[in-house]
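Asks: With the hints in hand, could you dock these two chains into one complex?
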Amino acid sequence: MLKKSTVILMVILMVLGLFAGCQAPAATETTEPVATDEAVAAQPAAPEAEEPITIDFMNFSANEGGLLTLGLMKDLFEKDNPNIKINIETFGYDTYATQLQTRVGGGDAPDCFELGLDAFPSYVDQSAVLSLDDLTAASTTDLSVLTEKSVQAFSLDGVKYGMPYSYSTVVLIYNKDLFDQAGVSYPTADWTWADADAAALKIKALGDDYYGLIQPISTYEFFKVVKQYNGGLLNDDNTAFTVNRAENVQALQRLVDNVQVTNICPSTEQRGSLDEWGMFKLGKTGMIVTGIWAFPSFTTDCAFAWDIAVEPGAETKATHYFANGLAVSADSKNAEAAYKWIEFLATSEQVAQLRIQLGWELPCATYQTAMDQYAKLTPPANRQAVFDSLDYVVPVPQIAQFSQMADILGAELEAAANGSKTPQQALDDAQAALEAAITLG
Amino acid sequence: MRKNRNNHALAASAFLAPSMVGFLLIAAIPFALSFAISFTSWSGIKGLELFSPSFWQSNFIGLENYSKILKSKEFWVSLLHVGQYMVLYIPLMLVSSLGIAMLLNKPRKGTAFFRLLFYIPVLTSWVAGAIIWKWVLDPQYGILNDILARIGISGPAWLQDAKWAMFGIVLASVWKDMGFYGLIFLGGLKNINPIYYEAAHLDGAGRFQSFLKITLPMLTPMVFFVLIISLINSFMLFPQVMIMTNAGPAGATQVIVERIYKYGFSYYKMGYASALSWLLFLIVFLFTYLQQKLQKKWVNYDA
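In order, the protein sequence lines correspond to chains Z and H.
Sequential numbering of the first sequence, starting at 1, is according to my numbering.
Sequential numbering of the second sequence, starting at 1, is according to my numbering.
Some clues are possibly wrong.
Claimed, not checked - EDC-like, lysine to aspartate or glutamate: derived pairs with alpha carbons at most 16 Å apart:
1. H:134 with Z:391
2. H:134 with Z:407
3. H:163 with Z:269
4. H:71 with Z:435
5. H:262 with Z:118
6. Z:333 with Z:51
7. H:73 with Z:435
8. H:262 with Z:407
9. Z:317 with Z:209
10. Z:421 with H:198
11. Z:160 with Z:195
12. H:213 with H:198
13. Z:317 with Z:221
14. Z:284 with Z:208
15. H:262 with Z:94
16. H:68 with Z:435
17. H:73 with Z:195
18. Z:149 with Z:391
Said to hold, decoys possible - Not everything, but these chain Z residues come out facing chain H in the computed CB check (under 7 Å):
19. 99
20. 101
21. 126
By construction, these hints were calculated from the structure, which means they are not laboratory data.
A virtual CB, placed ideally from N, CA and C, is assigned to each residue, including glycine.
Bound conformation, chain H alone (with noise of 0.2 Å):
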């Protein structure tokens, strides 16, 4: 019995091994190497001896790398835009990801055919999606600017217009992932068992009570994971905002994985950057253990 438990967990470290080793190479062991970097004042074009004591002299400078960011106004408008975007994204990802979700969940004629185009945007690459929507919130020549003008409204300048840019990055971001968000609501909505809803209409309950007594609350795991990727993955803006704005206009879009970025490979100097990436792990994770431990007030796993 022993014996082939000790088979199995071979096997299974044998088709683990491909996957650990690269995890490894690519995230664990620059992971740490990170963690010592961002005690360092390293550029990051100079070798990088972390082995030898000369480095060390005349690189180690200790904490100072952590009280400068913590003291730089810099860092607390970066995590401020964040903040922005998160307040818009994540409630609008979620209701039109759930709407697109109810949608897609009724038999209709086409729905595959609907799925697929929902789903298209999370397989685009966020080069060629920023791009296609640096047009489409063109003041002048925009599709959305033209629209809005046929009702009679004059739109903004979008990206151009330091209030408004962040609101053009989270209409790209929601259109990028609601196909993604929406699946996972559509799977939830396919588990919900039909005869919670004849009886609620044997009841007497209208569509939207049992939207409410019903759906929501059964849907609530799915709320919880979908909460919690977007979460992280808004603190990880990063891509659309180099695309779309590059920071600007007037650092208006300045976030932290930009300045991660910026600091490691613009400004050369690593050892700070090492230390913003540092910090917004702590963020993140504080972030996530606070809704693990909220899931017990508002999640539902009875379905």
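Just chain Z, with the same shape it has in the complex (with noise of 0.2 Å):
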């Protein structure tokens, strides 16, 4: 039989071996040592030294390659700030989402953090992010190196929220080796979608398994398609939505008609598990309208030579912009801090140029030399493609709700991809669905 004392103690000590399992793990991605609050507090109080600042920076885009990178800028910026320590936490752009939302709701938001253009505005709306304006009036730094496009990314009713990081475009890739074969003319940035359509249905003839364009017909594609067409998914100040407008029916009839009628287009089920860059690789596939960032993949993975042009328009030209920003969580007790880290690498030359030679995305900061750095990487030849790109961007719709309007009118053009709604049923459906869903404005 066990004592009563002996049976308290194991009480005592399985509930604090519990804890002592259940504390937070030290943040592993840093490779400077972390002063935390204690040895802070702990450290003799010397006048002429401020004490060392902890920055906690969250973001996703160094997952993909680019962690060599943003530690070496993190290196240069500790170097010019020695109070100021910065600890990266990088999360897969999969997880980084919940990862984000639950530091926020659960009262332990990070200092700073990266926001893609599609989150940006729900974080505004809920006040988790700091106004920067009075911030940015503090600073001396120069900001006119930031394109006017890429601070009014950032920007909601004139008041700046996030520093621009990176931005990428999308553009049209095309596999020259099949234009050779068939016999048709390189795209060139004047091209329309007649063009695009007809280059596509010879190319489509050199088999049964040769497909002349990839085009997704996504939400995301079809706002900035809408566009081209003058038309849009919301009226112009975003209070209310207007998805089956004539325009928007007639830019979904061209993209159904590509997969259902001409076939120029492979239909999901003959892509059947590839996606969509998997397929443009076979090589069997004349053209692709996708992003930048599609370069390094292409470049080691397509047996065939390929190049990139300006996307087609309609009735008028229109082209995506995607951008990821840096944000001040408004909760941040080290909000200059935060901030002179987040300036830093939307602005400084060395950043700028890193980024090029390390090849990991765009800058938003203009420096020239950096630019002709990148416009000399090949392929594709034409990469001047991609600042021309940016003279029709249509940015993403700046309202809260973009995920869940997204996924409901995703749902619809899928329905009307397949052919199992017509485009008009199908964008009457979503607009009905968007408006019992979403409370605008």
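Replies: Below you can see the structure in the form of structure tokens.
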């Protein structure tokens, strides 16, 4: 029989053991030892030296081969700012939104963090990020190196909430070998979709398993394509959905006909489990509309010659502009130091050059030397098309419920793409479903 | 005597304490909090201050989340999809796991190896399993359509076809779970006294009759257990959907837990997601209660 005292001791030990096991692990991805609050507090007060501050910085874009580059940027910053230590936490894109939300919702928000354009309005809407206007006004750094578009992308109602960090566009990538085989001239910047679809038909004629074009039928593609037809998913001040307007139906009709009627675009059944990039890499598809982030992968995996052109338009031209920005948490106790770090990441020339030298996304800061370096990299030979695309960009709709809107509309677009609904029906249903689920304005 | 009993209770507490603390921290407390959150419009991207009056002033919306859910077509469609999954999955899983259990019950050469083989999918993570099944069900290059083509059947596009996508998910789920349920049935089969079969044989009963009159009635406690667990698991359908179809094509595999996840972590409507969770809890509770009540009519515990 166990003695009472032994039993009590066991209970205490087990519970203590459990709590010891539950302690939060130390950040593993920091290269520098992190100064804990206790350690900071324990340091003797030296009147001439400020206490070092540790800034938690959470991001996702370094996960795709950028860890080393970000580490070098951190070293540069800490050298110039010995009183600020940066604790970098990097997560994969798939889990990032959940990780960040849990930290912010749990009252443990990092001092500053990266946000994509889709999530950005939600964080502003919930007052989870700080307005940067006062901090910018107090800073002496020249922000004119940032393009106006990128600054606008992270501003809402004239207030700046994010520093533009990196950006990408979407272009038309084409298989030069297939164009040669089909005897079609290469795409140019003044092509319309009629030109592209005609070329695609000739490439499709090369064989049964050949296709002319891969163009996704998804919300992310559609919000841009409707602009090429002078349409739009929302009214001008984002207070009402206009999903089923005639121009949008016309835009969707072309996308669907390309799959269902001419079949120059493969259907999802024809693609099977291959994704769009995988399909293009097989070398039997003439063109693909996709992001410039495909360049490294296509350079490695495509066994054929390829190049790029500005995406074709219809009534007018419209291209994508995706950007990642950096925001300061509304709960940060070290907002000024956090701002200093994100301002450095966004505007430093050294950072811009590092990004391009090490092949890690395009910086929003337009330093000529860095841009020249980028334009010289091949393939693609016509890399200039990346910059030319910026003349036609349309922003991601800035509404707090963009993810939900993308899912609701996406399901209806899929129904149109697989032929179970006509484009008009699908967009009418999407309009009704969006109005029922989302209150705008 | 009383002192001894107290000591026993304390000793039991000592051994239970670690798991109880864990249960309280990661299950019971969040469970209670989610109930409170379900009456709010909390987004999940602002600190949760349940004990601050200002939080309640700006976030309390009463039963609005519940009434919105019950009025939304999406909720009922998601429930219908779960129902479709159950109707396909439960019978198929029962038949296949019972079949496996009966095959593995006979002492044959290599039985241990086959027991292990059928149990491997249970140990496989859903991520790996779902990716394997995406390949198997590929309309162009998948092994399943290849086999069907050899016998003259043109297979559907499975996960890319709204009519077949749920069935594709059912196939993967049966593959993953039949080893586990098969093991439970095997345990039940081993417990049946062979005397019953000998007696039936002497009375001239055939194999099918023995199965119908002895095996099945004696296995009813296992069937009951398997039904309860598989029913609850069906309501919890999530990882395979997220990986194999992401609720598509065109929303054909949208289910309740997937909706909870999307509302909570993608649409930033944690209050709405919490209300959905509680409605799901009520539904599962109701079904389990009904099964418990009905079991008296068909479950036989006289092994």
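Asks: Now tell me, hint by hint, if it's right for this structure.
Replies: Verification of the supplied hints:
For the given pair, residue 134 (chain H) sits about 40 Å from residue 391 (chain Z) by alpha-carbon distance, which is inconsistent with the 16 Å threshold. In summary, the hint linking residue 134 (chain H) to residue 407 (chain Z) is not supported, as the alpha carbons are separated by about 22 Å, beyond the 16 Å threshold. Between residue 163 (chain H) and residue 269 (chain Z) the alpha-carbon distance is near 13 Å, which keeps this suggested pair within the 16 Å criterion. Distance check on the hinted pair: residue 71 (chain H) and residue 435 (chain Z) sit about 14 Å apart at the alpha-carbon level, within 16 Å; holds.
Straight-line distance between C-alpha atoms of residue 262 (chain H) and residue 118 (chain Z) comes to about 15 Å, which keeps the hinted pair within the 16 Å bound. A hinted pair counts as satisfied when its Cα atoms are at most 16 Å apart, and residue 333 (chain Z) with residue 51 (chain Z) qualifies at roughly 14 Å. With a C-alpha separation of about 13 Å, the suggested pairing of residue 73 (chain H) with residue 435 (chain Z) holds against the 16 Å cut-off. Restraint check: the Cα-Cα separation between residue 262 (chain H) and residue 407 (chain Z) comes to about 10 Å, which is no more than 16 Å; the hinted pair holds.
At roughly 31 Å between alpha-carbon atoms, residue 317 (chain Z) and residue 209 (chain Z) are farther apart than 16 Å, so this suggested pair is violated. For the suggested pair residue 421 (chain Z) and residue 198 (chain H), the alpha carbons sit about 62 Å apart, so the restraint of at most 16 Å is broken. Between residue 160 (chain Z) and residue 195 (chain Z), the direct Cα distance comes to roughly 41 Å. Violation of the 16 Å bound is thereby established for this hinted pair. For the given pair, residue 213 (chain H) sits about 13 Å from residue 198 (chain H) by alpha-carbon distance, which is consistent with the 16 Å threshold.
Between residue 317 (chain Z) and residue 221 (chain Z) the alpha-carbon distance is near 14 Å, which keeps this suggested pair within the 16 Å criterion. Distance restraint check for residue 284 (chain Z) and residue 208 (chain Z): the Cα-Cα separation of roughly 10 Å lies within the 16 Å cut-off, and the hinted pair is therefore satisfied. The hinted pair formed by residue 262 (chain H) and residue 94 (chain Z) meets the criterion: a straight-line CA distance of about 13 Å does not exceed 16 Å. A distance of roughly 13 Å separates the Cα atoms of residue 68 (chain H) and residue 435 (chain Z); the hinted pair therefore holds under the 16 Å criterion.
At roughly 42 Å between alpha-carbon atoms, residue 73 (chain H) and residue 195 (chain Z) are farther apart than 16 Å, so this suggested pair is violated. For the hint linking residue 149 (chain Z) to residue 391 (chain Z), the alpha-carbon distance of about 10 Å falls within 16 Å, and the restraint holds. At about 10 Å, the closest approach between the beta carbon of residue 99 (chain Z) and any beta carbon in chain H exceeds 7 Å, and the interface hint on this residue is violated. Below 7 Å, beta-carbon pairs count as interface contacts, and residue 101 (chain Z) has one with chain H at about 5 Å; its hint therefore holds.
Interface restraint check: residue 126 (chain Z) against chain H, minimum CB-CB distance 5 Å, threshold 7 Å, status holds.
Hint compliance for this structure: hints 1, 2, 9, 10, 11, 17, 19 are not met, and every other hint is.
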